[in-house]
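Colleague: Residue numbers (numbering that gives the first Met the number 0): 0 to 681.
Treat the hints with care, since some could be wrong.
[Claimed, not checked] Under the rule of at most 20 angstroms between Cα atoms (straight-line distance), these lysine to any residue pairs were calculated in the SDA-like manner:
| hint | residue 1 | residue 2 |
| --- | --- | --- |
| 1 | K413 | R378 |
| 2 | K158 | D107 |
| 3 | K600 | A674 |
| 4 | K72 | D211 |
| 5 | K408 | E433 |
| 6 | K132 | K174 |
| 7 | K413 | E494 |
| 8 | K350 | E395 |
| 9 | K425 | S444 |
| 10 | K587 | S537 |
| 11 | K160 | Q104 |
| 12 | K379 | E367 |
| 13 | K502 | R280 |
| 14 | K586 | I668 |
| 15 | K587 | D661 |
| 16 | K587 | Q667 |
| 17 | K350 | K425 |
| 18 | K237 | A259 |
| 19 | K490 | Q667 |
| 20 | K408 | V423 |
| 21 | K456 | S444 |
| 22 | K350 | L274 |
| 23 | K652 | T611 |
| 24 | K657 | K678 |
| 25 | K678 | I656 |
| 26 | K254 | L183 |
| 27 | K662 | L591 |
| 28 | K174 | A259 |
| 29 | K132 | P143 |
[Unchecked claim] DEER-style ranges, computed between Cβ atoms:
| hint | residue 1 | residue 2 | range |
| --- | --- | --- | --- |
| 30 | K94 | G445 | 54 to 60 angstroms |
| 31 | D499 | A375 | 50 to 56 angstroms |
| 32 | E449 | A375 | 25 to 31 angstroms |
| 33 | I468 | S609 | 46 to 52 angstroms |
| 34 | T539 | I668 | 52 to 58 angstroms |
| 35 | K394 | Q91 | 51 to 57 angstroms |
Hint data in this document are derived by calculation from the structure and do not stem from the laboratory. In this text, a Cβ means the ideal position worked out from N, Cα and C, and glycines have one as well.
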Amino acid sequence: MSEEKKPLNFIEHIIEEDLTTGMSKENLRFRFPPEPNGYLHIGHTKAIGISFGLGLKYNAPVNLRFDDTNPAKEEQEYVDAIKEDISWLGYQWDKECYSSDYFQQLYDWTILLIKEGKAYVDSQSAETIASQKGTTTEAGTNSPYRDRSVEENLDLFQKMKEGKFDEGEHVVRAKIDMADPNMLMRDPLMYRILKKSHHRTGDDWCIYPMYDWTHGESDYIENISHSLCSLEFKPHRKLYDWFLDQVYDENIRPKQREFARLNLSYTIMSKRKLLRLVEERVVSGWDDPRMPTISALRRRGYTPASIRKFVETVGVAKRENVIDVSLLEFCVREDLNKTAKRVMAVLDPVKLVITNYPKGEEEWLDAENNPEDEAAGSRKVPFSRELFIEREDFKEEAGRKFFRLTLGKEVRLKNAYIIKGEGVVKDDEGNITEIHCTYDPKSKSGSGTEESKRNVKGTLHWVSIQHAIPAEIRIYDRLFNDEAPDGHKDKDFMEFLNPDSLKVITGHLEPSLAEANHLDQFQFQRLGYFNVDNDSKSNTLVFNKTVGLRDTWAKTKPASTQQNTQNNSQNKQREVPAIEEIKRAGKKYTNLPEDKRAALKKRIEEAAKSVTLEELVPLYETAVKKAGTRIAVMIALHIVLENNELEPDQLAKDFIIKAIDDKNELLQIESQQLATKYKIQP
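Using the sequences and the hints, build the whole thing.
Modeller: The structure is reproduced here in structure tokens:
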């Protein structure tokens, strides 16, 4: 089967057009230019993926350049962390560059601009300069120092470099046009005095170039062909090009183009605000697993493959939008399902005694490591008379829909035997301290006996008490309980901190985990995905919860976390988000007569016009028994692909192919229509 040809995004279209109009493929060079003033976060992964992805697509070099022009905020620690994060994601850069490498060249070019009358030294305060900028409808006011002589400007600039002035006493500005409709063109700053030691150049300089002056010229020096940045830099493009005009000779001229940055719900993307969380000790550090930094995601158990898949799924767009964090969680859940070893752990234990199992006896049972990976093999787990099970897995009295352990009914212990609840032991306050049961010795899993093939509805995980090893388990929830914690103009984002974002408990694990190493990943069966934290030691195991087995946040999130919209004081009724309307419609879809179902389908199709592909992806994993929801998602997927002129990606294809074999005829019909339209072969 031939490799799937993916449609080009708008940046790739730009590059392809350049190649067809004369640019040589050998002249393609990209860069990722972080400022080393904090740790990289999930938002940066999009820029990383775009630049390095283009490098891989076109077999072109990608520079890693640190735009280190502000020694007041930059540290070597951040440089080292950024390099580690990019390497961990699986990308390799061609040249490691620093804007500070070009300080002398930038200084020399500034001298030329002063001599040409295109730059001058301004001796006003920052506040005064700002007040002269004007507005979007009114021109700015020229500085009284704008027409200083070349000789005076050169003398002052030299003295600035020699450290003869205090910070804020003078700045260097480009002389462009104080009436330009783009306010960034109104004599922007090029240099300021900062008497602070630089992490690379030490005290060699006490004047530092501004970002706008440095960035484009650094691209030019490095022969970058396409300077890709987020949308907030679009107004800067005119200034970027003006500065290039002043120095351009015969090298490759960089072309700045902008893409929508990655915004994630329930997440802060400002490095300044993330630093505040660290400095005020709301979190334990930049790599606290609740943080959105790449180092924190790594520590929490996210995989490079899952993050790269997330970036690929989000895609490259020209318009800003907010991606639901559940999509990121879906990606890591999907990846870990393929790779994580299955083990047993009990986090809220209650004692289970098998009264007819011989005292003092134990046996080691076979347990499959990963049903998704045949090569993962199996391991031995110890079984004995006294076990821990989850407290919620037992009820003295239970209804017909409770398929776990109760008195008088049978369940299977995973990899072991069928047991039957017989009685309980309680303390003086009525709390259950022990559950007594009996087991069927002939029902051992995999033994091939008729008893072992007996069908029981519930299967429980467990841990042998005498073999269990204790571990500290850190259960993480979202750091903020609002979808847009920094989206409220009248409120501090810190007001939306989730007080339950971290819960620490003691868990009981099967003994095979005693040899687990830092960052090893596991599925605690029926509980979720966990990994070994860096704080873990041989005698004190520490595990982080990476993500649950399925998305439960939508069911449990507090009312304050609903979609962040400004409510009209006279109209308190909130509009239902389109994706929620699709979910609700799916719940009743299969229970309606044909005429009403047709009307509901039209409502789903209409709602789907306001839904993005990213919002649908987490719903692909909807339980098989929820056929109505799966049908609604399939109907919506048809509309989303059609309206956005998209081809189904691999996730969508897998969803469609799986649905074709579903038992529900309505789902089969909807999926088959999509498969036919897009020529998808099961």
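Colleague: Does each hint fit the structure? Answer for all of them.
Modeller: We went through each hint and held it up to the structure:
1. This hinted pair checks out: K413 and R378 have alpha carbons roughly 13 angstroms apart, not beyond 20 angstroms.
2. Simply put, K158 and D107 have alpha-carbon atoms about 15 angstroms apart, close enough for the 20 angstroms limit, and the pair holds.
3. Only pairs whose Cα atoms come within 20 angstroms are accepted, and K600 paired with A674 is accepted, the gap being roughly 19 angstroms.
4. Of the supplied pair hints, the one linking K72 and D211 holds, its CA atoms being roughly 17 angstroms apart against a limit of 20 angstroms.
5. For a cut-off of 20 angstroms, the pair hint linking K408 to E433 stands: about 17 angstroms separates their Cα positions.
6. A C-alpha spacing of about 13 angstroms is found between K132 and K174, which places the hinted pair at or below 20 angstroms, so the restraint holds.
7. Restraint check for K413 and E494: the C-alpha separation of about 44 angstroms exceeds 20 angstroms, so the hint is violated.
8. At most 20 angstroms may separate the alpha-carbon atoms for a hinted pair to count; K350 and E395 meet this at roughly 14 angstroms.
9. Taking the CA atoms of K425 and S444, the gap is about 31 angstroms. The hint is violated against a cut of 20 angstroms.
10. In summary, the hint linking K587 to S537 is not supported, as the alpha carbons are separated by about 52 angstroms, beyond the 20 angstroms threshold.
11. This hinted pair checks out: K160 and Q104 have alpha carbons roughly 14 angstroms apart, not beyond 20 angstroms.
12. For the hint pairing K379 with E367, the CA-to-CA distance comes to about 9 angstroms; that is within 20 angstroms, so the pair holds.
13. For a cut-off of 20 angstroms, the pair hint linking K502 to R280 stands: about 17 angstroms separates their Cα positions.
14. Note on K586 and I668: the hinted pairing holds, with a Cα-Cα distance of about 18 angstroms set against a maximum of 20 angstroms.
15. At roughly 18 angstroms between alpha-carbon atoms, K587 and D661 fall within 20 angstroms of each other, so this suggested pair holds.
16. Restraint check for K587 and Q667: satisfied, since their Cα atoms lie roughly 17 angstroms apart, inside the 20 angstroms limit.
17. A distance of roughly 11 angstroms separates the Cα atoms of K350 and K425; the hinted pair therefore holds under the 20 angstroms criterion.
18. Of the supplied pair hints, the one linking K237 and A259 holds, its CA atoms being roughly 18 angstroms apart against a limit of 20 angstroms.
19. Between K490 and Q667 the CA atoms are separated by roughly 49 angstroms; this puts the pair beyond 20 angstroms, and the hint is violated.
20. The hinted pair formed by K408 and V423 meets the criterion: a straight-line CA distance of about 14 angstroms does not exceed 20 angstroms.
21. With a CA separation close to 15 angstroms, the supplied pair K456 and S444 stays within the 20 angstroms bound.
22. A threshold of 20 angstroms between alpha carbons decides the hint, and for K350 with L274 the separation of about 45 angstroms lies outside it, so the pair is violated.
23. Only pairs whose Cα atoms come within 20 angstroms are accepted, and K652 paired with T611 is accepted, the gap being roughly 17 angstroms.
24. Between K657 and K678 the CA atoms are separated by roughly 15 angstroms; this keeps the pair inside 20 angstroms, and the hint holds.
25. The straight-line distance between the Cα atoms of K678 and I656 is roughly 11 angstroms, inside the 20 angstroms bound, and the hint therefore holds.
26. At roughly 18 angstroms between alpha-carbon atoms, K254 and L183 fall within 20 angstroms of each other, so this suggested pair holds.
27. Proposed proximity of K662 and L591 is supported: the alpha carbons are some 18 angstroms apart, at most 20 angstroms.
28. About 31 angstroms separates the Cα atoms of K174 and A259, which puts this hinted pair outside 20 angstroms; it is violated.
29. This hinted pair checks out: K132 and P143 have alpha carbons roughly 13 angstroms apart, not beyond 20 angstroms.
30. For the pair K94 and G445, the supplied restraint of 54 to 60 angstroms holds, since their beta-carbon distance comes to about 57 angstroms.
31. Between D499 and A375 the C-beta distance comes to about 34 angstroms, which lies outside the given range of 50 to 56 angstroms.
32. Look at E449 against A375: about 30 angstroms separates their beta carbons, and that is inside 25 to 31 angstroms.
33. Separation of I468 from S609 is about 50 angstroms and conforms to the stated range, judged on CB atoms against 46 to 52 angstroms.
34. At roughly 56 angstroms, the beta-carbon separation of T539 and I668 lies within the given 52 to 58 angstroms, and the hint holds.
35. Range check, K394 to Q91: Cβ separation about 55 angstroms, and the 51 to 57 angstroms hint holds.
This entry does not satisfy hints 7, 9, 10, 19, 22, 28 and 31, going by the numbered hints stated previously.
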